[in-house]
Each structure stands twice: as structure tokens, then as C-alpha cells.
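Taken in sequence, the protein lines are chains A and B. Using the working numbering, read the first sequence as starting at 1 and increasing by one per residue. Using the working numbering, read the second sequence as starting at 1 and increasing by one per residue.
Think of the hints as simulated: they come from the structure by calculation, not from any bench. Glycine residues also receive a C-beta, built at the ideal position from the N, C-alpha and C atoms. Treat the hints with care, as some may be off.
Taking beta-carbon pairs under 10 Å as the criterion, some of the chain A residues facing chain B (in silico) [what the hints assert, rightly or not]: (1) VAL71; (2) ILE81; (3) GLY82; (4) ALA88; (5) LEU90; (6) LEU102; (7) GLU105; (8) LEU106; (9) GLN218.
Label-pair restraints from in silico Cβ distances [stated by the list, open to error]: (10) ALA185(A) - PHE26(B): 38 to 46 Å; (11) HIS19(A) - VAL201(B): 32 to 40 Å; (12) VAL269(B) - GLY11(A): 42 to 50 Å; (13) ASP87(A) - PHE69(B): 49 to 57 Å; (14) ALA169(B) - ARG75(A): 34 to 42 Å; (15) ARG112(A) - LEU68(B): 48 to 56 Å; (16) ARG75(A) - GLY162(B): 39 to 47 Å.
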Amino acid sequence: MSTAPMIEAFGLRKRYGDHLAVDDVTLEVPEGKVLGVLGPNGAGKSTTVRMLTTMTAPDGGSGRVAGLDIVAQARQVRRSIGVTGQDATLDEQLTGTQNLVLVGELAKLGRRQARLRADELLAHFELTDAAGRIVKTYSGGMRRRLDLAASLVARPPVLFLDEPTTGLDPAGRQRMWQIIADLVADGTTLLLTTQYLDEADALADSITVIDHGRVIAQGTAAQLKDRIGGDSLVVTLADADADADGDAGADADADAGVEAVGRFAAGPVRTDDGGRTLVVPVVARRALTTDVVRSLDAVGVAVDHVEIHRPSLDDVFFALTGGGTGAATGDRAAGPADGPRPDHPFDRDGVVDRPRANRRVEEVPV
Amino acid sequence: MSTMTIDLHSGAEVPATGVPGAAARFTDWCYDVWSLTRRNLIHVWREPAQLSDATFQPVLFTLLFIGLFGGAMSIPGGGSYKGFAIGGLVAMNLTTAAMGTAVGLSSDLTSGVIDRFRTLPIARSAILTSRTISDLLASTLAATIVIATGLAIGWRPGTGVGGVIAGIAVAVAFSYALSWFCACLGLLVRDPESAQAIGMVILFPVAFVSTCFVPPQGLTPWLRTVANWNPVSAMAGACRDLFGNTNPAALQHTFPAQHPVPYLLAWTVAIIVVCAPLASHLLRRRTAD
Numbered sequence: 001m002s003t004a005p006m007i008e009a010f011g012l013r014k015r016y017g018d019h020l021a022v023d024d025v026t027l028e029v030p031e032g033k034v035l036g037v038l039g040p041n042g043a044g045k046s047t048t049v050r051m052l053t054t055m056t057a058p059d060g061g062s063g064r065v066a067g068l069d070i071v072a073q074a075r076q077v078r079r080s081i082g083v084t085g086q087d088a089t090l091d092e093q094l095t096g097t098q099n100l101v102l103v104g105e106l107a108k109l110g111r112r113q114a115r116l117r118a119d120e121l122l123a124h125f126e127l128t129d130a131a132g133r134i135v136k137t138y139s140g141g142m143r144r145r146l147d148l149a150a151s152l153v154a155r156p157p158v159l160f161l162d163e164p165t166t167g168l169d170p171a172g173r174q175r176m177w178q179i180i181a182d183l184v185a186d187g188t189t190l191l192l193t194t195q196y197l198d199e200a201d202a203l204a205d206s207i208t209v210i211d212h213g214r215v216i217a218q219g220t221a222a223q224l225k226d227r228i229g230g231d232s233l234v235v236t237l238a239d240a241d242a243d244a245d246g247d248a249g250a251d252a253d254a255d256a257g258v259e260a261v262g263r264f265a266a267g268p269v270r271t272d273d274g275g276r277t278l279v280v281p282v283v284a285r286r287a288l289t290t291d292v293v294r295s296l297d298a299v300g301v302a303v304d305h306v307e308i309h310r311p312s313l314d315d316v317f318f319a320l321t322g323g324g325t326g327a328a329t330g331d332r333a334a335g336p337a338d339g340p341r342p343d344h345p346f347d348r349d350g351v352v353d354r355p356r357a358n359r360r361v362e363e364v365p366v
Numbered sequence: 001m002s003t004m005t006i007d008l009h010s011g012a013e014v015p016a017t018g019v020p021g022a023a024a025r026f027t028d029w030c031y032d033v034w035s036l037t038r039r040n041l042i043h044v045w046r047e048p049a050q051l052s053d054a055t056f057q058p059v060l061f062t063l064l065f066i067g068l069f070g071g072a073m074s075i076p077g078g079g080s081y082k083g084f085a086i087g088g089l090v091a092m093n094l095t096t097a098a099m100g101t102a103v104g105l106s107s108d109l110t111s112g113v114i115d116r117f118r119t120l121p122i123a124r125s126a127i128l129t130s131r132t133i134s135d136l137l138a139s140t141l142a143a144t145i146v147i148a149t150g151l152a153i154g155w156r157p158g159t160g161v162g163g164v165i166a167g168i169a170v171a172v173a174f175s176y177a178l179s180w181f182c183a184c185l186g187l188l189v190r191d192p193e194s195a196q197a198i199g200m201v202i203l204f205p206v207a208f209v210s211t212c213f214v215p216p217q218g219l220t221p222w223l224r225t226v227a228n229w230n231p232v233s234a235m236a237g238a239c240r241d242l243f244g245n246t247n248p249a250a251l252q253h254t255f256p257a258q259h260p261v262p263y264l265l266a267w268t269v270a271i272i273v274v275c276a277p278l279a280s281h282l283l284r285r286r287t288a289d
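Next comes chain B alone, as it looks inside the complex (with noise of 0.2 Å):
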């Protein structure tokens, strides 16, 4: 192995111990995120069942919702039930999505790759933000093949192309929100699997005490005040107004029925302006020792 004479210590000069300015030290910090999301990627792409609850459970979730409760449901204020499940498709899958994150983090604080991050010049908030943009794709590729699925089946949007993107657009911030959130549990919890399993507990009520299902007229009234002011509600009629399709919870008088996106994005702000600050402080608490 001698034989080959290899420079493997040619730059031994110290580095500049300057403080790099502000410009280059967020080109730097995009450039970290960048490969890191692109490793977090490349796993997906090794064990793509990883990302089934991306690809797999939103065709699944469309085909049996729609096809287990259209016949039965009939919708407040008119319209089809497959034209009212799409935007709750999309809110719940959405939803459940953002587990994703919390479990992925937790895998990569349980193996020694975290280690080697750290020794590295690269800020923890590079690890946190690479982990929530990678999660952002697989919830938009969720949204799309929910979209894709119900357009199969028959489901026409109300506006055009325009309005399915805004849909899906403000649907995935407020998942992108939830990521931050998830990334929270993922940080306090041991291990994946309770990672997984505090995730579901969590996200699973939050994602079905909602309109996402069922019209708020059909709930009874603790339940639908829970369910008009919960945001994965707000998420759904968001979605069933930029779709163009009846949106029941309109007839609601409360004002994350009457106003959705507003309400969505006021709470995925919120969630971000908290959880973000929040999930950089514990994997500094984790990492500390």
C-alpha cells in the first residue's frame, strides 16, 4: 500500500482563521443544505419504500375514501363527493407525510453519520433545513399523485391548471410547517420507531378530526368547532376553493371556514417562526455531549 506515493497531506497550512463574511457564509450554508439534501435523496432512492407514504398511500387513500364513501355522503351546498375528497386527500396525506421527517432525523441522530456532520464545518441548521426540503419533495410528489389519481378516477377541478397549483402550493407549505414540527419529535424521542409512533398519535386525530372526510354539518358540535378551527381543515378547504370544488365548510360562520388560505398560512408561519428556532436548539441539546 506504501508503494504509491500519495498526497494525502499536502495543504498543511492552517486555514484563515477570518470570520467569512455574512454573503459567503449563506452561500456556504445553501451549498451544505444542497448536498445534504441530495444525500437524503440518494437514500430514498436506495430503499424506496421509504417513500411510500408518498407514492403508494396516497393512490390507496384515494382509491378506498372515494370509493367507500361516495355512494353514502352527500355533500352540504351540492357537488359530487369525489369532488369534495380531493382536497381532503390532499390534506390528509399531507399531513401524515410530515412523519417523514421525524423519523428520518431520528435514523440519522441513532447512526454515527451524525458524528461526522458535526465535525465538519457546517451549521446544524444545514442538517434540520437539508432533512425539511427533502421531506417538501415528497410531500409535493405526494400531492401530485394524489392529483394525478383523482383525475383518473374522474375528478375535474373547478379552475384551471392555475388553480391546482396554488392548491397543492399552499397545501405543501403548511406540510413543509409540519416538517418543523416533526422534526421537534423526532429531536426529543430515542429511537425511529418511537419516532414513528408519536408521529402517528399525534398526526393521525389531527389529520381526521377534521373536514378532510367529512362536511362539518355532519359532525356533532364540540367536534365541529374542534374540526372548523383545526388548520388540516383549513388545509383541505383551501384546496376545494383553489381546486374550484364545493367547499361545505364555506357555509360555516367561523372564520378559518370562511377565509382558509389566510388562516393556513397565518398557521404555517406560526409553526415555522416556532418549531424552526425550536428543532435547531435540541439537536444542539442532543449533540452537546
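Excised from the complex, chain A in its bound form (with noise of 0.2 Å):
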């Protein structure tokens, strides 16, 4: 049991009408491990959980949760499984003790059993004070974390989070991290779908993008951020001498920056913006900053900026995707006309997996 994956996917389909929500979705999530799934809005995420948690059948492949046929074997399945959606499955009329309570009933407990564990549970969640009140007078956050320790009644050994924190204010969400956390810490199978990158690198032990119903990208954060590239130091260049000598200057300055930090850099240097930012890959270590400053201070070269670059699950992301979500891509489509984005220094113009040499910016053998 042990070895056995606890959740596998083996090329889930669901159309709704035209649609094909989830197109070809696998993954598999080992024991104890906690597996997430990346996408934008629409990408599929919910559905493929809906699937995963026998709320809808599939219409094309398999899945196995707990070892059980996700079709076949529905009913068992939901023995095994806690599932938090993105809009809370609590009864309004009812208050936190009885919500706890009715859900302990119907899986089975026993009413004294559900009694003590919707005690223990709601401690846990600093709900004790509201478990008298009805639902209904319930903040975002309470309601969140009700929905979460109803899903927990049961004990269930896989737990399925969709999104768990979209919708709630920061403070709401770091508390909400940090039940995960303990949840991950006791051993439960988690599969959590999010359209947060910071998310899914704080608390994924592996990492599933999907995009249009399919997954595109599949690893560790780490795996995938080494896709991007590692580490990069982007220095941007003064430009007092521009109304001097102007490009013939900047090239200048350019040639020899890139001359001067070439022994610091972990591959090829680039130049971007007219010549002002060089990109530099470095393998980080202490005092490297220093040492560039200072080698290019050496050939008179004066720096205006100086700033390290690791690539998120972001970078990641709008590689594989091209821009995918809505409020990022705006972000984006501003960019360019805003002139340098040292903490984007990469352009991506959405090709999945381009090799690095095609990029746009020129390439400066070292």
C-alpha cells in the first residue's frame, strides 16, 4: 500500500456539450505527498477533481483514488476521500456544531463519535467560540475552515482542496497554509488545485500545470523552474554618457560589462534593452554581487542597478502557457511599453519550451 500511488489519473476526458473541459489530464500523487495543480481559470483544474472525487463520471480514461475505481467504486471512494470545494458546502441554517455533526452522522461515526470529533475539530480551527452561531453569520474565513473540518470529519486518508484559498484576505490565507501544513505534516494525501504559483511552491511536493485540459508541464517547482533557467544577475547600466556618444556609448559600455563579468557567469551573457541590462546566469553565492559591482566599476562601467533574478513558478508558468491568466496577462501586455522589467528580464512570447538560443535578446558568446 505503501508504494502504491494514492491518487492516479490515466487520461481523464470530460466534454460538457461543446466544451471539452479536461482533454487528457494523468498525474498520480504517492502516499503522504502533496500534489499541485497549477492552471488559469477554465484550465480544467475543478473539473478533473470533480472527477477525481466521483461528483461527475468521466467520459474518457480512469482514476484510481485509495487504490479504488473512481466509477466502479464510487461509494468506497467517497469513504476514503475529504473534499473542499471552492464555494463552501455548509449548511447555512445549521450552526458549527451541527454542521460538523450531521457530516460525522452520515459518514458514519455514530452520533456520540461525530459529537466529540466536531468538538475536536472546531478547537482546532478557533472555531469554538462560533460554534453555537449559525452559518449564515459566518465571515469568508470561518466558513473556509468550517468547510475544510467538515471535509476532515471522517479522518479521510486523501484529501482533495480546490482552491482553497481564492477568495480570502491575506491573513485568511497564510492561516489557511498553515492547516494545510499540519495536515500535510499528519500524513494525508493531498491533492490542491490553485491558479496561485506562490501557493502551489509553499506547500506542493510536486507540481501538474494544466492548460486547456491538458497537462502541459509536470515536476517539482525546482524541475520546473530549471526549464526557465537558474539564477540570474540583471544589471542595468548607467546611461550618463548616452547624450555624449548614444548607442555607439551604450555599445560600448555594453561590450565591455559583458567582458568584465563573464567570469562570473554560470553561461552566456546577455544584453537586452539597447545594451543598458545585461542578464547574467550565475550559480548564487555570497558576495557575488559585490564582485560583479566592483569588476565592472574596474573596466569604468558605472551601474545604476543591480538585482537577482530567481525565476518563479510564474516564470514557469507563462513559458509553458504563453499568458494565461487574466489579471497577470494584463500585467504583461503593459510591460514592453513600460521599457525595462528587470525582474522579468526574459522575454516570453508564449512558445512552450523554446530553446534558450531562439529568444529575441542577442546572445553574447562568452
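Now that you have both chains on their own, put them together as the hints suggest.
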């Protein structure tokens, strides 16, 4: 049992009318691990979760949860899982306690055990004070916690959380992260969907990126980041002499700069923004920035700004999907007109796995 | 929060995958129905206004109808209008009370709680059955209130307590069947408001084109035919017979008018046989995606 994956999906597919919500999703979560399913709105994350939690039948492919087939053994699957969706699935007219006791009874704990379990969970999720109030009066964060508590009543070995922090304020989000981390420490196998890259990064052992109903990348956060490259130092050169000798001066500075920083580079140094910005792939170490600035100073190149850029899952995501999430796409669209964006040194116009040599930025061999 | 050591997860072993025996499954099913019925009753407790069809309305209608028509109407076969009306009032109130099932079920379907139920190891039929059972309790209450109001204003049954209980029992049984019909309505419409509206449109004519308030002798021929075969008339007639009150419909030479109790029970069984599986099917379809 310990070696078999607790959640498996093979080629899951679901169609709603003309819309292919999930086209081909294959994933696997080993026991006690956390899989982050990452994707923009409408990518097929929730539909995948609904199929794996037996809420909707797949049109194609298959899945197993806790070793049980999600179609043929749907009833038994339901005994092994907890599910918390984007919308709270609570009874607004019942109190916090009554909600959890009802779930406990329906999960066949027996009334006495259901009561004890409800009290225990309410205390753990800091809801004891609100336990006797009807859920209608709860805040968004309280509802989300109670909803998660309801999913944990029967101590399921496998838990599905569909966008557990969407719509929460920052404090609520932090609290939810802590709760999830505690669950994971207790050995729960968890599948978590999110649109937040930092969330997947913080909570998941491995990540599956979904877009348009298909898996477009799979791996650990580190592996995904490697696909974009490692850390780089982004050096913005001073353009004090731009008036004097124009582009020629900038080019000369860039050439001198590239040569000066070459010995610190872990790969080809690139220049961007007409020679004003140097992007230096580096292996981060102590005093690296000091050394780079000193060596530039030694060849008479003045520096305005230096920044270490660590690729975030954001970068991975945009490289893979060509810019998916609404808000971030807007941000991206405003980018080029705003001049240099030292925090996003790579041009990402949407080609999946484009070889680095094809990037529009100039490449300067070292 | 994490300073507390709490057992969030001790039972990590996967539950047995064997299919439990039929007897155990039935016990589980009864237990689910009981838990869900209690939940519906908590709703009523929280918002007693929901129950006004079963409490306030029967009192109001009993007083209004007897007060308004009592003086004007003469009953074929003799007897007081009061004696005639109580059976009709039980029938009418229990017919319209069935709408509660459509509204309650529709409310559950439009709230997220249905998704919680679905992730739990319970049968969909338990969700439907618990809803109809809580409505059965509401209609029993409504019938009792009509009887109590009647007694308060001077109505008297011609039979004993046993006859009154028997009358209420057959009326409540038919109302229970109507709940399954209304469950289907609730599953077909989009929201509780539509459920209420559609329920009114269907059940009000059914309740009123009957012999609940007007003896069949006073109706035009085609309305009389409809009213005579309407099961709601049979419900009123069954109550009048069992309560020992005047049943002018019995003077009609149609089977339902002559034998209201068997006719009503046949309808009761037929509606349940058709609507219970249909409601399960509709719930499965409604919650499939």
C-alpha cells in the first residue's frame, strides 16, 4: 500500500456540450505527498477534481483513489476522501457544531463520536467561540475553515482541496496555509488546485500544470524552474554618457561590461534594452554582487541597479502557457511599453519550451 | 494553532472495500434518512415562517371558509356546512402543503450543501426520502391544526377518535405521495422561487376544482366530472366518511365518489410508484455534472 499511489488519473477526459473541459489529464500522487495542480481559470482543474472525487463521471480515461476505481467503486472512494471545493458546502441554517455533527453522522461515525469529533475540529480551527452560531453569520475565512473541518470529520486518508484560498484575505490565506501544512505533516495525501503560483510552490511536493484541459508540465517546483533556467543577475548600466556618444557609447559600455562579468557567468551573458541591461546567469554565492559591481567599476562601467532574479513559478507558467491568468496577462501586456523590466528579464511570447538560443534577446558568447 | 497536538488523521488505513450486506446497507440508509430529516426539522425550527402553510394557513382557511360560506351553502343530503367543510379543509391544506417539498428540495439543490452530501457515503434516495418525511410531519401537523380549529368552532366528528385518526391517516398518506410528485417539480425547476410558482399553478387548481368546498351537485356538468374523479375530492370524501360527517359526493354514481378510500389509496400508490423512481432519476441527472 505504501508504494502504490493514493491518487492516479490516466487520460481523464470530460466534455460539456461542445466544450472539452478536460482533454487528457494523467497524474499521480504518492501516499503522504502533496500534488499542486496549477492552471488558470477554466483550465480544467475543478473538473479534474470533480471526476476524481466521483462528483461527475469521466467521459474517457480512468482514475483510482486509495486504490479504488472512481467509477466502479465510487461509493467506497467517497469513504476514503475529503473534499473542499471553491464554494463552501455548508448548511447556512445550521450552527458550526450541527454542520460537523451531521457530516459525522452521515459518515457513519455514530452520534457520540460525531459530537466529539466536531468539538475537536472546531477547537483546532479556532471556531469554538462560533460553534453555536449559525453559519449564515460566519465570515468568509470562518466558512472556509469550517468547510475544511467538515472534509476532515471522517479522517480521510486522501484530501482534495479545490482552490482552498481563493477569495480569502491575506491573513485568512496564511492561516489556511498553516492548516494545510499541519495536515500534510500528519501524513494526509493531498491534491490541491490553485491559481496561485506561490501557493503551489509553498505547499506542494510536486506540481502538475494544466492548461486547456491538458497537462503541459509535471515535476517538482525546482524541476519546473530549471526549465526556465537558474538564477541570474540583472545589471542595469548607468546611461550617463548616452547624450555624449549615443548608441555607440552604450554598445561600448555593454561590450566592456559583458567582458568584465564574463568570469562570474554560469552561461551565456545576454544584453537587453539596447545594451543597457546585462542578464548574467549565475550560481548564487556570497558577495557575488559586490564582485560583479567591482569588476564593472574596474573597466569604467557605471551601474545603476543590480538585482538577483530567481525564476518563479510565474515565469514557468508564462513560459509554458504563453500567459494564461487574466490579471497577470494584463500586467504582461503593459510590460513592453514600460521599458526595462528587470524583474522579468526574459521575453516570453508564448512558445512552449522554446530553446534559449531562439530568444529575441541578443546572445553574447563568453 | 499548531501548538495543539490534535489527531487530524489517525485513521489513515483505507476502509474495507467489500460491499456491505443488504441488511447493513438498509440500516445505514435508515440512519442517513433520520439524520437528514432532523436537519430539515432544524431548518423549520430556525425559520418557523417556513411552516406557515402547516400552521397559520390551516387556521386561517378554516375560519375564513366556514365563516364565509357557512351561511350561504345548503348541503345536499343535509347536515351543516361546518361538518361538510372540515374534510375539504384537510384535503385542501394537505394538497397545497406538498409544495413545501418542491421548495425545500430546490433550496438544497441551489445551495452548496448538496455537494457536501454527495461527497459523503449516502444514497441519493436518502436525501429525497428525508425531505418527504419532514414534509409528512408538516402535513400531519397541518391536518391536526385543521381538526383542532374545527373542534374549537364547534365542529364535531360523527365517529370517535379512531375515525378522525383514520381520516387524517389516509389524507396524510396521499399528501405524502404528492410530496414525491412535488420533489420531481423541485428537481425540474431552477430555483426555489420557480418551484413555489409552478407548485401554485399546478396544485391550486387541483385543490379547488374538487368537492372540497362545494358539493358536486352545484357544479356544471364537465366541472362535476373533473371534480368527481379528482383524487383531492376523494381525499375530502374519505375524510368526511371516516369523520362521520355528511358526504354529499356519495350521492353521485361514480366509483371515486362511492368508494373514496380505495380510490384515494390507489392514487397514493400510483403516484409513489411513478414519482419516487422518477425523482431519484432526476436527482441523479441534476447532480451528474
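Hints not upheld, ascending by number | 1 and 9
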